[in-house]
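Work out the full structure, taking the sequences as your base and the hints as a guide.
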Amino acid sequence: MRLTIDHRTTYAFTAPQGRIVQLLRMTPGDTHDQTVADWHITVDCDSRMTQHRDGFGNATTMLYCEGAIERIELTVSGEVVTSSSSGVLHGAAELLPPRFFLRTTPTTVADAAIAEFAEQESGGRDIAALHRLNGAVRARFADDSGRPAKGRTAAEAFALDALTPRDMAQVFVAAARAMGAPARYVSGYCDLAGDNRPTPHGWAEAYVEDCGWIAFDPWLGLSPEEHHVRVAIALDAAGAAPVAGSRLGDGAERLEVNVTVQSDD
Amino acid sequence: MGTRAFDEIMGADGGSRPELASLAQWLAETPPDELRRRQEAAESTFRQLGITFAVYGDNDASERIIPFDIVPRVFLADEWARLSEGLVQRVDAINAFLDDIYGAQEILKAGVLPEDLIFLNPQFRPEVVGIRPPHGVWAHICGIDLVRTGPDQFFVLEDNARTPSGVSYMLENREAMVRLCPELFGQFRVAAVDSYPDRLLETMRSVSPRGCGQNPTCVVLTPGHFNSAYYEHSFLADSMGVELVEAADLVVDDDVVYMRTIAGRVKVDVIYRRVDDDFLDPLVFRPDSMLGVPGLIAAYAAGNVAIINAPGNGIADDKAIYSYMPEIVRFYSGKDAKLPNVETWRCREPEALRYTLDNLEQLVVKLVDGSGGYGMLVGPTASKDEIAAFRAVLEAEPHRYIAQPTLALSTVPTLVEAGVAPRHVDFRPFVLSGAKGVQVVPGGLTRVALREGSLVVNSSQGGGTKDSFVLLDGGNRQTQTMGENGMTQEQSL
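Protein sequence lines, in the order shown, are assigned to chains L and G. For what it's worth, my numbering labels the leading residue of the first sequence as 1, then goes sequentially. For what it's worth, my numbering labels the leading residue of the second sequence as 1, then goes sequentially.
Careful: at least some of the hints might be erroneous.
[Claimed, not checked] According to the in silico footprint, chain L covers these stretches of chain G (three or more CB under 8 Å from chain L):
#	stretch
1	109-123
2	249-259
[As the list claims (entries may be wrong)] Here are some, though not all, of the chain G residues that point toward chain L, as calculated from beta-carbon distances under 8 Å:
#	residue
3	Gly166
4	Leu283
5	Glu395
[As the list claims (entries may be wrong)] Below, a list of computed lysine to any residue pairs in the SDA-like style, where the Cα atoms sit at most 20 Å apart:
#	chain 1	residue 1	chain 2	residue 2
6	G	Lys267	L	Glu66
7	G	Lys436	G	Gly136
8	G	Lys109	G	Lys267
9	G	Lys267	L	Val109
Treat the hints as calculated values from the structure; they're not laboratory data. Backbone N, C-alpha and C fix where the C-beta goes; we use that ideal spot for every residue, glycine too.
In C-alpha cells:
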C-alpha cells in the first residue's frame, strides 16, 4: 500500500520570539514492511536543520530558527510504501534490548486499577494475552477525537470514559508492562484515523519471546497491518512526540496541527 | 567497635608512627589553645570567602560552613604511590566501562553483569546510547571515596563519576595550613595541590573536539548562586581563568554551542558542567526544566562540544553497580583490582537481604541511589527504635538498599573540646582523565566525623574537613639538612 502523508504544524505566538530550537521526531525509517519512498520536512522561515539518530534508533532533526518569529509552520510530506506484516516488526534499527522497555516512566505507571485490569483481561503475557488486552482497551473506552491533553498519565486516562488513540496506547503500554511484557509507545500515521486529524496517530509495540516486537493499536482493536507508518518509538508518548521545542521570548503560543493520510486504495 | 582503630599518626599502639614522629611532637608541643586560635582564624576566612553549604531539610542553615580541623592527615610517599596505582586502574576501568555500556556492551555479552542491573537502572540513560564523547573520555573528574583500616589497607567506599564536589576544600584548606602552620611545611616536603586548576584546565583542553592546539574555549556551567556548591563553581572558573556561565548564557545553533558575550557569540568547545544530567538539555532530558541549554545534546552528539563529565555517567557510580566493580576492573584491565571494595550485600538478592536483616546492628545500610548520608543506617550507633524503623523500610523496598560491614575506620588526631583526640576519617582523592591519560592529584579532601565514635563524615551530618598532606620522597625534612621553617618551593602560594 502506498500512503501519502501531509502533516502541518503551526505555532503562532502572541509576541515575537527571539529564538526557536526544536527537536523533531518526524522522519520514518525503513523496515522490512515499510519503505520510505519520499520524505521532506520544510519550514516557512529562515532556519537551519541537522540530522541525528537518538538512543532509541529514531531519526531526529534539530531545527534552529532566529527571531523575530511570530509564526512558524512545519510541513512534513512524503510517501511510504507498506506491506502486510501481521503486526510483526522486522528489520527496524534496535539499539536497546527488549528488557529495557520494562522500565516505567511517570506517565506510564500502572496504578492498581490498570494492573488489575491487565490481569483480569489478559491472563498471561503471551501473544494471545496481549491481543486480549488490546481488545479490552478498545472495548472499555469510547473515542475522543480531540487533541490529547498534555502530560496526561495512563492512570489519569484510565479513569475516563473516552480516550484519544494516544491515551489508549499509553494505557496499553502501562498494562502490558504490569503483565511483565516489555512495551513501548509508537508515534506515526494511519490512514484509517481520518482526514484533518489534530495529531499524528499513536499505538504500541509489545515484545513477545520467540516472536519479537508485535504492534498493537488499541484504538483499532487490532494489530497494525499495512495502514500504519511507524515514525518514532519511546518509553512513553512524550518521548516519541513529533516535536520537543523551546523558544526564547514572552507571550503565549497557539498550536495547530493538521494530519491527513491518504492511501492509494 | 570492639577492635581499636588504626591511628594514622599515632599508629595502632598509641605511640606514634616512626615516620610521623615529628608531627606527633608538633601536636604535643603546640598548646590546644594555640591550635584553636589558628583553627578559628581559618574558619573565619572560610566564612568571609563564603565557602558554605546547605543542609537539605534545614531552612535556616543556608550559610553554614563546614568545620575545619587544624591537624592535617598525612600520606607517606610510598603509601601514596601504591594508592595512586590503584586509583588510576580503577578510573581507567570506569572510563572503559562507560564507553562499553553505551557502545558495544561487551561486558553484558560476557555475562559479567546482570543485564537488568543496567537496563532497568534509571542511571542508564538511553538518551546517550550510541554517542561517544570526544577522545573517548567519560569520567574526566572522579572523586573516589576511600576508607582506611591500616597502613596499606584502603577500601573504595564509593566512586563519584558524575560531578564530584569538594576540591575547593582541598585547595582552601591547604592555603589556610600554609598560612597558619608554616612550620609544618618546614618539617615536611608536602606535594603541592595548588596546580589543580592548571591540571583541570589542561584536562579540559585536551578533550576539546577541535584539539588543544586550537586554543579551545572552556567554560564552567553552574545551576546558579542558590546551589550549595556555587562557591566551588565560581572558585574553579576563577582560578582557571575561564567564564562561569549559566544555561541562559549558552545558545546552540546548527549543533554548535556558543556563549553570549558583550562582544557577540563565542564558540564553546568544552563545558565543565556542575548541573545534573536532567538539567542539561530540556529537549532531551526534562521538558519542564528551565535550567538546560536546548540543543546541547545535539551539539554533543555531533561531536562539537565536550561535556565534563559525560552525560550518563551515573551508571558507573551507582551503588548497585559498585558491588561489581572488582569484576568490572578485571574485565577491562585483565588484572585484579589493586584497590578492594568494601564487602557489600545487595539486598535485592534474597540471601543478602536475610543476612542484612539478621545483622542490622553490625551493618551500614545505604540507599542504592542516595548520597550525602541521607537514608542510611549505621547499625552500631543506631538506637533500637531507629533499627526497628529502618527494618520496616528495608523490608518494604529491599532492592533500593545495599549493606556493608562497619569497618574500623582509621582515625587522625583532631582538635575537639577536650583537646586533641582521635576521630574517624575518610578520603576523597581527585582523579583527572584527559586525552593523554589519567592522573591523581597529590592530595584530596579528608572528611572527619567530629563526634566521638561516629563513622558518618558527611558534611550534612556533622562532619568536618582536614588538609591532606602527601609527602614527597624523603618527605620528612628532619632526616635531611634543610630543616628550616618556612614555605617550601613545592608549596609556594
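Supplied contact hint for Glu395/G, tested at 8 Å Cβ to chain L: 20 Å, violated
Agreement of Lys267/G and Val109/L with the hint, judged by alpha carbon distance not exceeding 20 Å: Between Lys267/G and Val109/L the Cα gap is close to 42 Å, so the pair fails against 20 Å, i.e. violated.
Pairwise hint evaluation, Glu66/L against Lys267/G, where the allowed Cα distance is 20 Å at most: 17 Å, holds
20 Å limit on alpha-carbon distance, applied to hinted pair Lys109/G and Lys267/G: Violated, at roughly 40 Å.
Closest C-beta approach of Leu283/G to chain L relative to 8 Å, hint status: Status holds, d = 4 Å.
Status of the Gly166/G interface restraint (C-beta, 8 Å, chain L): With a closest approach of 31 Å, the Gly166/G hint is violated.
Coverage of the stretch 109-123 of chain G by chain L, judged on three or more residues with CB within 8 Å: holds (count 5)
Annotated coverage of the stretch 249-259 of chain G by chain L, confirmed only when three residues or more have a Cβ within 8 Å: holds (count 5)
Agreement of Lys436/G and Gly136/G with the hint, judged by alpha carbon distance not exceeding 20 Å: Given that 20 Å is the threshold and the Cα spacing comes to 11 Å, the pair holds.
In the structure shown, a violation is registered for the earlier hints numbered 3, 5, 8 and 9, in ascending order.
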